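Chemist: The listed protein sequences correspond, in order, to chains A and B. Sequential numbering of the first sequence, starting at 1, is according to this note's numbering. Sequential numbering of the second sequence, starting at 1001, is according to this note's numbering.
Hints are computed from structural coordinates only; laboratory data are not their basis. It is possible that part of the hints are untrue.
Unchecked claim - Here are some chain B residues the structure puts well away from chain A; computed CB gaps all over 10 Å: (1) Pro1047; (2) Ala1058; (3) Phe1079; (4) Glu1151; (5) Asp1310; (6) Gly1359; (7) Gln1368; (8) His1380.
Unchecked claim - Have a look at the derived ranges for each label pair, beta carbon to beta carbon: (9) A/Arg49 <-> B/Arg1422: 50 to 56 Å; (10) B/Gly1233 <-> A/Asp14: 50 to 56 Å; (11) B/Ala1439 <-> A/Ala44: 30 to 36 Å; (12) B/Phe1079 <-> A/Thr42: 45 to 51 Å; (13) B/Pro1202 <-> A/Val19: 32 to 38 Å; (14) B/Gln1368 <-> A/Asp13: 48 to 54 Å; (15) B/Arg1422 <-> A/Thr42: 31 to 37 Å; (16) A/Thr42 <-> B/Glu1381: 29 to 35 Å; (17) A/Thr42 <-> B/Ala1090: 28 to 34 Å; (18) B/Gly1233 <-> A/Arg49: 42 to 48 Å; (19) B/Arg1444 <-> A/Asp14: 22 to 28 Å; (20) B/Gly1424 <-> A/Asp14: 22 to 28 Å; (21) B/Gln1068 <-> A/Pro51: 30 to 36 Å; (22) A/Gly16 <-> B/Pro1377: 21 to 27 Å.
What the hints assert, rightly or not - If we take Cβ atoms under 8 Å as the criterion, some of the chain A residues that face chain B in the derived model are: (23) Asp13; (24) Trp15; (25) Tyr17.
Predicted model, so just to flag it, every value in this text is computed and none were measured. Note that beta-carbon positions come from the ideal geometry of N, C-alpha and C, so glycine has one too.
Listed below are the residues making up each chain.
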Amino acid sequence: MCAELLPERIALDDWGYPVIDGRPLEPTLVENAKRAAAACPTFALLLEREPYSRSS
Amino acid sequence: MSTPLPVRNAAQPETGPRRAARLPRLLEGIPSHAGMSFAEHLALHGPLPVWRRHARGAEHPLIAQVEQAGLRGRGGAGFPTAVKMRAVAASRGRPVVVVNAAEGEPASLKDRTLTQTLPHLILDGAMLAAHALGAGEIVVSVCESARASAESIAEAISERGSPRRGSPRTRLTTVPAHYVAGQESALVNYLNGAPAIPTSTPPMVFKQGVARRPTLLSNAETLAHLALIARHGPGWFRELGTPSQPGSTLVTLSGPVSRPGVYEIEYGASLDSLIEAAGGTIGRPRAALLGGYGGSWVGGERLHGLRLADEHLAAHGASLGAGVVLLLSESACPVAETTRLMRWLASQSARQCGPCIHGLNAITASLQEIAGASAQPNMHERLTRLAALVRGRGACAHPDGAARMLLTAIQAFGPEFQDHARHGPCEGCLRPGELPLPATTPPRAASAKPLRRPSTLHEPAALSQ
Chain A
1 MCAELLPERI ALDDWGYPVI DGRPLEPTLV ENAKRAAAAC PTFALLLERE
51 PYSRSS
Chain B
1001 MSTPLPVRNA AQPETGPRRA ARLPRLLEGI PSHAGMSFAE HLALHGPLPV
1051 WRRHARGAEH PLIAQVEQAG LRGRGGAGFP TAVKMRAVAA SRGRPVVVVN
1101 AAEGEPASLK DRTLTQTLPH LILDGAMLAA HALGAGEIVV SVCESARASA
1151 ESIAEAISER GSPRRGSPRT RLTTVPAHYV AGQESALVNY LNGAPAIPTS
1201 TPPMVFKQGV ARRPTLLSNA ETLAHLALIA RHGPGWFREL GTPSQPGSTL
1251 VTLSGPVSRP GVYEIEYGAS LDSLIEAAGG TIGRPRAALL GGYGGSWVGG
1301 ERLHGLRLAD EHLAAHGASL GAGVVLLLSE SACPVAETTR LMRWLASQSA
1351 RQCGPCIHGL NAITASLQEI AGASAQPNMH ERLTRLAALV RGRGACAHPD
1401 GAARMLLTAI QAFGPEFQDH ARHGPCEGCL RPGELPLPAT TPPRAASAKP
1451 LRRPSTLHEP AALSQ
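Can you make the complete structure from the sequences, with help from the hints?
Modeler: Listed below in structure tokens is the structure:
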């Protein structure tokens, strides 16, 4: 379910479990990411807000 | 293992410019029968150090001593003990100290040895930590199959008498014997009345653990070292070992040596000196498994000159972990042993996380195919891909350990794996296995079923809140 909602960041492994690409989300993906997290029946997905960093 | 191995005294440190530094430390005066009594313990080590009342709200001085000593956990993860203590001290509520002597690692006997023969070192360390943190309770957890350990700890607790007013109470619990039961969150879950399997969701145990109190959970050996650091100081502790891995540590040496058992070494000691202290090898070891069953294989040709410190072992993809040094004999088959071990690790999964359950089973099946010459081509790629697929995707590090064991096996035993893939079982495969693999099983999680493959989405999911 989550992989269908956010294919840009979630792939499925051999057994149907999500493999997450942990790179920060582009703003256009955030809404879909929220839906993917909300849809997970076991609350396994977490959206984290990262502090904006100016460091190189 | 059903019968405890004999305990011997230390492998002597290498010669060097260290005047007073010597071994044994923990194992000094270790009795050959029964546990060291409280009176003997006090005669040998002196009384428990007591600090003058420090300023209210200030950190207890012991924590800085532990930090300067560079003490790290001896349960396998090597986490800095002072950092853990500070995290507990900074959390709200009256803390609990848990002594982890579960030792579910089959090839490790050091914690059993300490609990059986030197219980007062452990209890001293626990009491010192409890005072430093203002803890109200100490819980000592030993494996339910280690009856001699339980008796020894119970006896030692009663020898020390009832706690003075304001001092923490000490109680003994037994915990199941399966592999993951000794993992930090699994043990705390069990003490809270849940199955002894890990959780990865917050809160961390230092914040809310036993009875939702901040909990310092430390390996039994770690606390034994703390008991001596408190008496002799961080400088003394650092006189042995290396700058990045100070002090002494217990290792369990098993396999084809004259006197297998628990030894105390300084970090950085050579494997050769440890083997010499154990009376030398019987034949030429095929390989060594270092750290534990989730540790690393090192091929026999690399053992000579190997130094037992993580900074040296890293070049071989290994670390000391829980102090397991398991040698494989000349006549054993490393492919067969790796397969047996992987099957066992798969059986020890708590079965909470899909990638662990499915991944370890898939790896086991592939290994069995290789061992029986019925492997698909590109087995090497398949195994490497499966190992990468399970790493970091469980609620605990169990799949990570299994992946490490597998990848180091492939690295160390490349020719043997290829040979089996082409020709099937060798003579060594027909012999009984050498690695001890006890038949214990983890309990099922409360919500038993692993997730099934998700069905096709028919409607867009609604947003919650």
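Chemist: Are there hints from earlier that the structure breaks, and if so, what are their numbers?
Modeler: When the structure is compared with the hints, numbers 6, 12, 13, 14, 15 turn out to be violated.
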